[in-house]
Amino acid sequence: MDLNKLSISTAPHIHRNTYVRKSMAIVVIALLPAFAVAVWQFGVSAVIVTAVSVCSCVLFEWLGCKYLLKKPCTLGDGSAIVTGLLLAFNLPSSMPLYQIVTGAAVAIGLGKLVFGGIGNNPFNPALVGRVFMLVSFPTRMTSWPAVGQMLAYTDATTCATPLYYVKGMVQGYGVNMSDLPTFWDMFWGRMPGCIGEISAIALIAGLVILLVTRTITWHIPVSILATVAVIATALHFASPDLFIAPQYHLMCGGLLLGSCFMATDYTTSPMTHKGMVIYGICIGFITMVIRLFGSYPEGMSFAILIMNAFVPLINRGCRSRHFSKI
Amino acid sequence: MIFKTFRKGGIEVPDNKMTKDRQIEPVQIPDIAVFPLSQHIGAPAVPCVQPGDKVLVGTLIAKGESFMSANIHSSICGTVKKIDKAPCLNGAYAPAIYIERDKEREEEWEPAIDRSETLADECSLSPQEIIGKIKDAGIVGLGGACFPTHVKMMPPKGAELDSLIVNGVECEPYLTADHSLMLAHSAEIIAGIRIMMKALGVSKSYIGIEANKPDAIALFRKELKSCKNIKVVPLKKKYPQGGEKQLIDAVLHRRVPNPPAIPANVGVVVENVATVYAIYQAVQKNRPLIDRVVTVTGNSVARPSNFISRLGISVNLLIENAGGIPEDTGKILHGGPMMGKPMRNLEIPMTKGTSGIVLLPETVSTRQPEQNCIRCAMCVEACPMGLEPYLLAQAAADSDWETAEKEGIMTCIECGCCQSTCPSFRPLLDWVRYSKNKVGGIIRQRNIKK
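If you're matching them up, the sequences are chains A and B in order.
According to our numbering, the first sequence is numbered sequentially starting from 1.
According to our numbering, the second sequence is numbered sequentially starting from 1.
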């Protein structure tokens, strides 16, 4: 044995085998139940939108690394796949192809690469893409196909989502509450909405996977959901005619998808547990304000993006507590 | 069973304790033993023998003359060959005493040493006499830090001691030297604890043992069944529980303030089990510190073992006893894989602080290429000192020493939790060490000016 071939480095000499690719793989696995429900409810269109979104995100990441950053390609970490999946999960299943590709280009390009690639982006890339699409293609982005049209794509018949009823009650534009999906329909995912957000049970299963594998901690999802639940319960009890019951708030729209998968994005969320809780509470609060009083039907994306901007400030204010001060 | 643990940070690392069922085996007495003069924290010892002098096993060969220093004794019987430079762990060479064994003669020990195995648990000495014996025997902390034990046992004025914590945690993966010692010599360790309690004047003591050593926990519980003032504290398996501050927090829920405060300021003295055993040998048997238990192990080592070996033996010889260096070895470590130091020169002698030699395969020891920080906060969660390693590393990379100092870089214990948990393989601790060095220098400069 040639001793001069032994490597010399400082401690520690072993690694726990946590790596970015592994975290991303777990996120993809955790998103699979929601994808399965989407295919079950929206049929082939869910597959098309997801596939196009993922493929174009991967393509733009590759192009961006090669020609924009001129750095070694970072496709291997799998973050482009996660961005593509999350972008698709935030779109109605009837989005035309060119719009998805545009959204993916913005998500990867403007959302991530212009800042220097993974780890440097201040805003969640998938949400940057989504909000860009929301303001660019407002009609398509706010018309949701009804469930059960297995073969329809851009020609699917659309209908109102539960959030329409939520806002309708508050703003008094006369909605027929008997059309609201039942609790169990929402729970299993038999309601109109974006591809990945319809099934509460699938998203909760994903959250459990993330928590059990310790990919994320409970702080962000629980604080967002708790804030929404508290506000919704208080308002509902104050005036049941104006405000819908809290369980509908928790299960409709992008709340679960956003709080489990989008707000918990490593790069754009705070570093300490205390910071995470503050961040979560603010997201929950802003979401409820937009849902009830804003002009957009759903406020989750905006709430997360707004709070992303505050993350550096939160990190500055909420420090890790030193050992001598436990 | 309730398992306690410390409150802040820490990580779980795979155990890999391949030698946990191996009994302690003796290895051959080396033909040449090398004793570096500085194998402890503090001033180097001063040689008190000349080349050509005959020494016996246990003869004092170098004296710790200043307060913060330790005596060194010969571990073999023979002739002092030379006082010359010997290789050290940091790659440099430092003065050491070389002793050649007298192969013709039968091994002769210093007459005062009692070599019988009988247990002597009565001790009628006064605390001063006990500490004097510990100092004479050259005992240092055998957990790896090598802090002179007699210094630790004389707490500063104003510190009221009430407890002794015996560290049987051994949270480093791979190492089982303390574990095997606890199983083989529980009675001696308990006698040693009583001696220490007497010397320190404390009424309570605790033995902290991690959950991955259930046999040691059971054995000490059985032996201490009727004993009220020595308690076994089972601890959850979590690295770095063997760190002094973490252990005090885990056992007594007390936190040691930032330096210059020491554990004595919260009324506690922490000693490693191997040190306690050495204290028993020194006080009851007049036996100086001339040998210790060392684990030689690795994923593909032929015969991973716990050896009891004379100090001064070369690392090479220890590895040969365990079956030689496997082909796939990428790194040879002095100490455990979390805090140990790598070596290339295997002529380095085993010293008082050698608790293990770990031969890591290349696949385990090779560092992955560094990627962007994704701000996942895993390092913040892992840091047992409550620091934010990603910030410290960034400050170091920016040469921003002011921020580094403000962020508490000097309280880092260099446990390596941050770096070994980073999913982007960033060399966080490398940056922190570099920065600690710089900031330490700046602080010293400032104190001189004052």
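What the hints contain is simulated information worked out from the structure, not anything from laboratory work.
Every residue gets a Cβ at the ideal spot worked out from N, C-alpha and C, and that includes glycine.
Possibly wrong hints are sitting among the right ones.
[Said to hold, decoys possible] Okay, derived cross-link-like pairs now, DSSO-like style, lysine-lysine, Cα gap no bigger than 30 angstroms in a straight line:
{"id": "1", "chain 1": "A", "residue 1": "K5", "chain 2": "B", "residue 2": "K204"}
{"id": "2", "chain 1": "B", "residue 1": "K81", "chain 2": "A", "residue 2": "K325"}
{"id": "3", "chain 1": "B", "residue 1": "K204", "chain 2": "A", "residue 2": "K325"}
{"id": "4", "chain 1": "B", "residue 1": "K63", "chain 2": "B", "residue 2": "K85"}
{"id": "5", "chain 1": "B", "residue 1": "K236", "chain 2": "A", "residue 2": "K325"}
[To be verified] Which residues of chain B face chain A? A partial, calculated answer using Cβ under 10 angstroms:
{"id": "6", "residue": "T118"}
{"id": "7", "residue": "A120"}
{"id": "8", "residue": "S124"}
{"id": "9", "residue": "V358"}
{"id": "10", "residue": "I443"}
[To be verified] A few chain B residues that don't get close to chain A, going by computed Cβ distances all over 12 angstroms:
{"id": "11", "residue": "V46"}
{"id": "12", "residue": "P95"}
{"id": "13", "residue": "E100"}
{"id": "14", "residue": "S226"}
{"id": "15", "residue": "Y239"}
{"id": "16", "residue": "D249"}
{"id": "17", "residue": "G335"}
{"id": "18", "residue": "P384"}
{"id": "19", "residue": "E414"}
{"id": "20", "residue": "L428"}
| message | So P384 of chain B supposedly isn't at the interface. Is its beta-carbon more than 12 angstroms from every beta-carbon in chain A? | response | violated (7 angstroms)
| Going straight from one Cα to the other, do K81 of chain B and K325 of chain A come out at no more than 30 angstroms? | violated (54 angstroms)
| field | Outside-interface status for E100 of chain B - nearest CB in chain A farther than 12 angstroms | value | holds (25 angstroms)
| Interface restraint verdict for T118 of chain B against chain A (beta-carbon cut-off 10 angstroms) | violated (41 angstroms)
| said: Does L428 of chain B clear chain A by more than 12 angstroms, comparing its Cβ with all Cβ atoms of that chain? | reply: Nearest chain A Cβ is 10 angstroms from L428 of chain B, so the label is violated.
| Proposed proximity, K325 of chain A with K204 of chain B (alpha carbon, max 30 angstroms) | This hinted pair holds, its Cα atoms lying about 26 angstroms apart.
| At a threshold of 10 angstroms, is the proposed contact between I443 of chain B and chain A supported by beta-carbon distances? | violated (18 angstroms)
| Given hint K325 of chain A paired with K236 of chain B - CA-CA distance at most 30 angstroms | It holds: about 22 angstroms lies between the C-alpha atoms, which stays within 30 angstroms.
| request: Compare the distance between the alpha carbons of K5 of chain A and K204 of chain B with 30 angstroms, and conclude whether the hinted pair is satisfied. | output: Outside the cut-off at roughly 50 angstroms; violated.
| request: Test the statement that V46 of chain B is away from the interface with chain A: the closest C-beta pair must be farther apart than 12 angstroms. | output: Correct as stated: the minimum Cβ-Cβ distance to chain A is 31 angstroms, above 12 angstroms.
| said: Quick check for students: does the CB of D249 of chain B sit more than 12 angstroms from each CB in chain A? | reply: The claim breaks: D249 of chain B does not keep its Cβ more than 12 angstroms from every Cβ of chain A (closest is about 8 angstroms).
| query | Beyond 12 angstroms from every Cβ of chain A: is that where the Cβ of P95 of chain B lies? | reply | Given a closest Cβ separation of 23 angstroms, the condition holds.
Checked against the numbered hints given earlier, the structure breaks hints 1, 2, 6, 7, 8, 10, 15, 16, 17, 18, 19 and 20 and satisfies all the rest.
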